[in-house]
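Colleague: Sequence lines, in order, name chains D and X. Going by the numbering used here, the first sequence opens with residue 1, and the numbers climb by one from there. Going by the numbering used here, the second sequence opens with residue 1, and the numbers climb by one from there.
Derived by calculation from the structure, the hints in this document are not laboratory data. Any given hint could be a false lead.
[Said to hold, decoys possible] Distance windows between CB atoms, simulated: (1) X:ARG26 - D:SER86: 24 to 32 angstroms; (2) X:ARG104 - D:GLU17: 44 to 52 angstroms; (3) D:PRO52 - X:GLY37: 39 to 47 angstroms; (4) D:PRO50 - X:GLU73: 39 to 47 angstroms; (5) D:SER86 - X:PRO89: 29 to 37 angstroms; (6) D:ARG87 - X:GLU73: 36 to 44 angstroms.
Quick reminder that beta carbons are idealized off the backbone N, C-alpha and C, glycines included.
Chain residues, written in single-letter form:
2 protein chains.
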Amino acid sequence: VTTGTEWLVDAEGCRPETLRDLDGMRRLCDRIVRELGLHVVGEAAWHQFPWPGGVTGLFLLTESHLACHTYPELGTATFNLYCCRSRPPWAWEERLREHLGAARVTVRRIVRGPAAEQAPALTSRREETQP
Amino acid sequence: VTTGTEWLVDAEGCRPETLRDLDGMRRLCDRIVRELGLHVVGEAAWHQFPWPGGVTGLFLLTESHLACHTYPELGTATFNLYCCRSRPPWAWEERLREHLGAARVTVRRIVRGPAAEQAPALTSRREETQP
């Protein structure tokens with residue numbers, strides 16, 4: 001038994017101007033929601049911070065949640081997608097290159113809940129752990 | 001350079017009635033926010049699902065976000081706390097035993113952003129990975 005799967009996605013080398021474009025980030029997250037067939041409860045919460053102008057988006061989903069944070073000063077965007085029911089994989093790397101100009105995308109998949117220990121974290125790049 | 005630290009906390013063996021008590025879960029999350037000196041932007045979003053009555057809470061923070069999901073049917077609650085600035089540790093295990101009657105609490109700490117690969121996931125219980 002698990003309570004679902006969480007994807008932790010970190011995109012580097014993105015265009016700073018795209019990371020501070022609230023409407024563009026909204027379109028990207030709306031695409032994630034649409035293409036994965038997710039269901040938003042209420043309205044997504046979006047906020048733009050003062051210069052350098054990073055944005056945060058939070059979606060309360062019937063499937064759990066989607067969160068997005070951008071750091072224009074670092075050229076980085078991070079995403080959390082936590083789904084308590086099975087979802088097909090999404091082409092994070094390809095889509096984030098397309099929308100954000102990302103040079104490198106790291107996807108980590110983590111199983112949540114009681115079975116978490118039996119189900120290790122997986123990353124699309126490489127694995128490192130220490131005790 | 002990182003974009004912060006994320007704590008993934010999974011609590012098992014919790015009292016089901018506590019996990020469907022929206023006000024109680026709100027008090028717990030408000031305590032996390034208060035004791036860690038976090039700053040909420042706008043209002044937290046809370047939602048209670050139909051029976052078995054799990055709840056979700058999402059907090060947009062100047063420090064990034066806090067998310068909470070409960071699964072009364074599994075006796076499980078999960079928390080994500082993503083902080084883009086350094087925070088002292090919080091006594092997750094002790095507090096979740098106290099508030100939720102948790103029998104077991106797993107805390108995983110994950111570094112986000114460009115340095116993610118250099119900084120492995122840490123868990124308070126044990127480590128497992130696979131390629």
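Colleague: Hint by hint, say whether it matches the structure.
Modeller: Status of the hints after comparison with the structure:
1. X:ARG26 - D:SER86: 24 to 32 angstroms: At 30 angstroms between Cβs, range holds.
2. X:ARG104 - D:GLU17: 44 to 52 angstroms: Roughly 46 angstroms apart at Cβ, these two residues keep to the hinted range, so it holds.
3. D:PRO52 - X:GLY37: 39 to 47 angstroms: Roughly 23 angstroms apart at Cβ, these two residues miss the hinted range, so it is violated.
4. D:PRO50 - X:GLU73: 39 to 47 angstroms: holds, 43 angstroms
5. D:SER86 - X:PRO89: 29 to 37 angstroms: holds, 33 angstroms
6. D:ARG87 - X:GLU73: 36 to 44 angstroms: violated, 20 angstroms
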